[in-house]
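> What follows is the residue order along each chain.
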Amino acid sequence: MGGGDKYSVLLPTYNERENLPIITWLLCKYFKESNINYEIIVIDDGSPDGTLEVAKKLQEIYGEDRIVLRPRAKKLGLGTAYIHGIKHATGNYVIIMDADLSHHPKFIPEFIKKQKEGNYDLVSGTRYVGNGGVYGWDLKRKIISRGANYVTQVFLRPGASDLTGSFRLYRKDVLQKLVESCVSKGYVFQMELIIRARQFGFTIGEVPISFVDRVYGESKLGGSEIIGFAKGLLYLFATT
Amino acid sequence: MGPWTAVVTNTVKNEFTDQYFMYILLLPLVLVAMFGLVSVAIIAHRVYNFNVCNDAAEELTRQIKEAKEDLKKKGLKID
Numbered sequence: 001m002g003g004g005d006k007y008s009v010l011l012p013t014y015n016e017r018e019n020l021p022i023i024t025w026l027l028c029k030y031f032k033e034s035n036i037n038y039e040i041i042v043i044d045d046g047s048p049d050g051t052l053e054v055a056k057k058l059q060e061i062y063g064e065d066r067i068v069l070r071p072r073a074k075k076l077g078l079g080t081a082y083i084h085g086i087k088h089a090t091g092n093y094v095i096i097m098d099a100d101l102s103h104h105p106k107f108i109p110e111f112i113k114k115q116k117e118g119n120y121d122l123v124s125g126t127r128y129v130g131n132g133g134v135y136g137w138d139l140k141r142k143i144i145s146r147g148a149n150y151v152t153q154v155f156l157r158p159g160a161s162d163l164t165g166s167f168r169l170y171r172k173d174v175l176q177k178l179v180e181s182c183v184s185k186g187y188v189f190q191m192e193l194i195i196r197a198r199q200f201g202f203t204i205g206e207v208p209i210s211f212v213d214r215v216y217g218e219s220k221l222g223g224s225e226i227i228g229f230a231k232g233l234l235y236l237f238a239t240t
Numbered sequence: 001m002g003p004w005t006a007v008v009t010n011t012v013k014n015e016f017t018d019q020y021f022m023y024i025l026l027l028p029l030v031l032v033a034m035f036g037l038v039s040v041a042i043i044a045h046r047v048y049n050f051n052v053c054n055d056a057a058e059e060l061t062r063q064i065k066e067a068k069e070d071l072k073k074k075g076l077k078i079d
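Top line first, the protein sequences correspond to chains A and B. Counting in UniProt numbering, the first sequence runs without a single skipped number right up to 240 at its last residue. Counting in UniProt numbering, the second sequence runs without a single skipped number right up to 79 at its last residue.
These are calculated hints, taken from the structure and not from any lab test. Cβ coordinates follow ideal geometry from the N, Cα and C atoms, glycine included. Among the clues, some could well be false.
[To be verified] To give a feel for the contact side, a few chain A residues facing chain B, derived at Cβ under 8 Å:
1. 21
2. 22
3. 25
4. 101
5. 133
6. 212
[Claimed, not checked] Estimated spans, in silico, between C-beta atoms of each pair:
7. 22/B / 130/A: 25 to 33 Å
8. 3/A / 32/B: 50 to 58 Å
9. 9/B / 80/A: 33 to 41 Å
10. 77/A / 27/B: 32 to 40 Å
11. 5/A / 66/B: 24 to 32 Å
12. 27/B / 199/A: 31 to 39 Å
13. 130/A / 32/B: 28 to 36 Å
14. 230/A / 32/B: 24 to 32 Å
15. 75/A / 27/B: 51 to 59 Å
16. 74/A / 36/B: 43 to 51 Å
17. 200/A / 45/B: 18 to 26 Å
[To be verified] For lysine to aspartate or glutamate, the following EDC-like pairs were computed, each having C-alpha atoms within a straight-line distance of at most 16 Å:
18. 57/A / 70/B
19. 72/B / 18/A
20. 29/A / 70/B
With the rest of the complex left out, here is chain B:
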């Protein structure tokens, strides 16, 4: 941020900073926007590739039934 502030407030001034002043002024905004875009892309990718555990859900449903039957035998009735 230091060098950027120096250029924007004209503390540092030369041919290069004069020529590209607008670009330099907007640079932080561009970087933030790029970071935002990359973040959205990463999140979208992760949402798309989020594992869906169908097998785990099936296994659990099976085991719930098994547990209920076994517990009934042991004397606990679940409705």
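Next up, chain A with everything else stripped away, as it sits in the complex:
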């Protein structure tokens, strides 16, 4: 599978010492099983917990051609992490995912298959369609997530069902162009990426994914996040 293609996984990390070895192990396992050419680019933003040291050990185990370390001195936003990663990516496709194990690497072969099926410019994982779903979310989190998604669908008509998710596969040049034209922060950044993608006329495929939240109860959604979301939505509404 994969043909002559190479897939670069961008893993921005901050204090992921415990999760990084697991996600790396899983990535290598599924890539190897599906016979896919890959590299994992770890972009650690100066984690004080020693994530980078663990990454170095993983590099010794899996090889420097598979695990590429591109650390940065301090925490600088997600957008610049992607730019930094793309610059060093040798693959013609880029996969973006979270390193905290909420995104499972088993879906990557499905992303690749989907991409080839429709020759899509990007394939997005979706929690809201088909067998997709979540684990570890309380009712409040589900209501906010579904509510925000509904409002976004009504206002922006984005042509994709999961806008705030960040488990996606892009053609490298497509991601490059998108990242350069997006200015938002946090998960609004993910929304902007996919909205601009449609604006530029890029094609989008979707694969249902399960999102497993292991830090139960530690809801990251407060009042300021909701205001941030509303602002982001208005900004995107005004600029599309």
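Given chain A, work out where chain B should sit, using these hints.
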């Protein structure tokens, strides 16, 4: 909005608009309220039917254990 404004400002006036003036006046409000209710119903339905991936969570827990054991063999100790 055009025809509605015309009726409300009495630019257009006939027997029908006189008879139903209040209804016409309140129509936009009713439509907005209906849209709100339908939206709440749709969101409630989607929250209720949100897939809970118990199997995926179990699989992950199993694989985390497996990964730790395998990585230990390869020389990486995780606490």
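> Grab the minimum C-beta distance from residue 22/A to chain B and call the hint holds if it beats 8 Å, violated otherwise.
Cβ of residue 22/A sits 5 Å from chain B, so the hint holds.
> Hey, does the residue 25/A contact hint survive, CB to chain B under 8 Å?
At 4 Å from the nearest chain B Cβ, residue 25/A passes the 8 Å test, so the hint holds.
> Given residue 21/A as an interface hint, is its Cβ closer than 8 Å to any Cβ of chain B?
5 Å, holds
> Does residue 133/A meet its interface restraint, that is, does its C-beta lie within less than 8 Å of any C-beta in chain B?
Since the shortest Cβ distance to chain B is 3 Å, the answer is holds.
> So the hint says 50 to 58 Å: do the beta-carbon atoms of residue 3/A and residue 32/B match that?
53 Å, holds
> Is 24 to 32 Å right for how far apart the beta carbons of residue 230/A and residue 32/B are?
18 Å, violated
> Given the range 31 to 39 Å, decide if the beta-carbon distance of residue 27/B to residue 199/A lies inside it.
Between residue 27/B and residue 199/A, where Cβ atoms are some 35 Å apart, the hint holds.
> Below or equal to 16 Å on CA atoms is what counts here, so check residue 29/A against residue 70/B.
11 Å, holds
> Please check whether residue 200/A and residue 45/B have a Cβ separation lying inside 18 to 26 Å.
At 33 Å between Cβs, range violated.
> Can we keep the residue 212/A interface hint, with Cβ of chain B closer than 8 Å?
5 Å, holds
> Given the hinted pair residue 72/B and residue 18/A, is their Cα-Cα distance within 16 Å?
Measuring from Cα to Cα gives roughly 13 Å; hence the hint holds.
> Is the hinted pair residue 57/A and residue 70/B satisfied, with a Cα-Cα distance of at most 16 Å?
14 Å, holds
Violated hints, in rising order: 7, 9, 10, 14 and 17; the structure is consistent with all others.
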